[in-house]
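Engineer: Heads up: the protein sequence lines correspond to chains A and F, in order.
Residue 1 is where the first sequence starts when you use this note's numbering, and the numbers rise one by one after that.
Residue 1001 is where the second sequence starts when you use this note's numbering, and the numbers rise one by one after that.
By construction, these hints were calculated from the structure, which means they are not laboratory data.
One thing to keep in mind: the hints can contain errors.
Stated by the list, open to error - Derived pair list, reagent style DSSO-like, types lysine-lysine, alpha-carbon separation capped at 27 Å:
id	chain 1	residue 1	chain 2	residue 2
1	A	K5	F	K1136
2	F	K1123	A	K5
3	F	K1044	A	K10
4	F	K1147	F	K1123
Claimed, not checked - Footprint (simulated), chain A over chain F, 3 or more residues, beta carbon under 8 Å:
id	region
5	1053-1060
6	1073-1083
7	1102-1114
8	1131-1138
To be verified - Covered by chain A, per the in silico footprint, the following chain F stretches (three or more residues, Cβ under 8 Å):
id	region
9	1031-1040
10	1160-1167
Everything numeric in this text was worked out from a predicted model, so none of it was measured.
Glycine included, C-beta positions come from ideal geometry on N, C-alpha and C.
These are the residues of each chain, in order.
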Amino acid sequence: MSSSKLHLDKRRRSYVRLMGEVRHALNQALAEEGIKRGVTCTSIARLLGKHKSFVSRKLNGTSNMTFETLADLAFALDRPVKVLLPERGDDSAANSNHPPPPVPETKTTATNDGDNRILATAI
Amino acid sequence: MWYYLCERLTQRMPALRSREILIWRVLTYMATLEHLIATGKLKKHEPDLEDAELPERVVCFTPELDTWLYDVLRIASRDRGRDLTPFEQTEQIFYDFVIGRPMAYSIHIRQLDPLRQHVWELKTTDVRILGWFPKKAHFVAVCGALKKVIPRAKHYAPLINSVVDFRATLDLDEPKSIEGATLNVVL
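Kindly produce the complete structure, drawing on both the sequences and the hints.
Structural biologist: Below is the structure:
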């Protein structure tokens, strides 16, 4: 069979997946809160005192993400940020578009850590 | 279907011998997507998944797209303010697609005008990948371009044409494309 892989260095792939995870989680949370409470990019922007385009750029990847922005967006969505680093092969690493299995309340909330990049998140 | 027709023909016209029927079947053979992958006309994309992740959708590339991804996109530089390079964005959207993540219409994916051509694009911040859906949750990616190269709708025409032309060269079962402009039809 003829197949193709887009090879990314394993270390870099870890970062690419993280950014994908973060944006997926934020967009998913926005969609859910939109249905539940009518939250929109505009209402988030108003709450944060930013322009609507700031929020949409962060959500669609046009602009890079920082810990501080993630925490702000989570705050506006009224959701806590939790960090998971499951062992490889752990079921919690399964397709993240499906509801994750329940996890014990452990650490960690996002920090207002200026320019630091996100380490790992799940909302 | 072919087998059924052959059986009916043989019953009704005994003069038609099995050899003629066999030749007729071979001459009218229509390939499946799997056959095109097996013969190298398409390459199935296999993203790196974690052990517990399972593919829920399929992406295939043309060999030309595969070459473009490596020769052109791989060396495209990251624009200011971006987390990821165009190549990384593309790798990630293919991964998202394959593991079955929700795709938002016009943000991650959309059907292109003219709609009757049934050409779709996968979108990242900086990259557009054009192709079509031969069946539900199966995307054949034919060509790609950096967004800055095709800033307006009129620049899409050559790319849309290359999807249509490539599709026309394939002896895929009809209909070759899923028809419909909504996401739940194709995903």
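Engineer: All hints, please: hold or fail.
Structural biologist: Comparing the hints with the structure gives:
With a C-alpha separation of about 22 Å, the suggested pairing of K5/A with K1136/F holds against the 27 Å cut-off. Restraint check for K1123/F and K5/A: satisfied, since their Cα atoms lie roughly 19 Å apart, inside the 27 Å limit. Simply put, K1044/F and K10/A have alpha-carbon atoms about 21 Å apart, close enough for the 27 Å limit, and the pair holds. In summary, the hint linking K1147/F to K1123/F is supported, as the alpha carbons are separated by about 9 Å, within the 27 Å threshold.
Given as covered by chain A, the region 1053-1060 of chain F passes the check, having 3 residues with a CB less than 8 Å from a CB of that chain where 3 are the minimum. With 3 residues carrying a beta carbon less than 8 Å from a beta carbon of chain A, the region 1073-1083 of chain F meets the three-residue requirement, and the given coverage holds. Given a C-beta distance limit of less than 8 Å, the hint that chain A covers the region 1102-1114 of chain F holds, as 3 residues qualify and 3 suffice. Requiring three or more residues with a Cβ within less than 8 Å of a Cβ of chain A, the coverage given for the region 1131-1138 of chain F is violated, as only 0 such residues are present.
Against chain A, the region 1031-1040 of chain F contributes 4 residues with a C-beta closer than 8 Å to a partner C-beta. That satisfies the three-residue criterion, and the hint holds. Counting residues of the region 1160-1167 of chain F whose C-beta sits closer than 8 Å to any C-beta of chain A gives 0, which falls short of three, so the coverage hint is violated.
Violated hints, listed in ascending order, are 8 and 10; each of the other numbered hints is respected by the structure.
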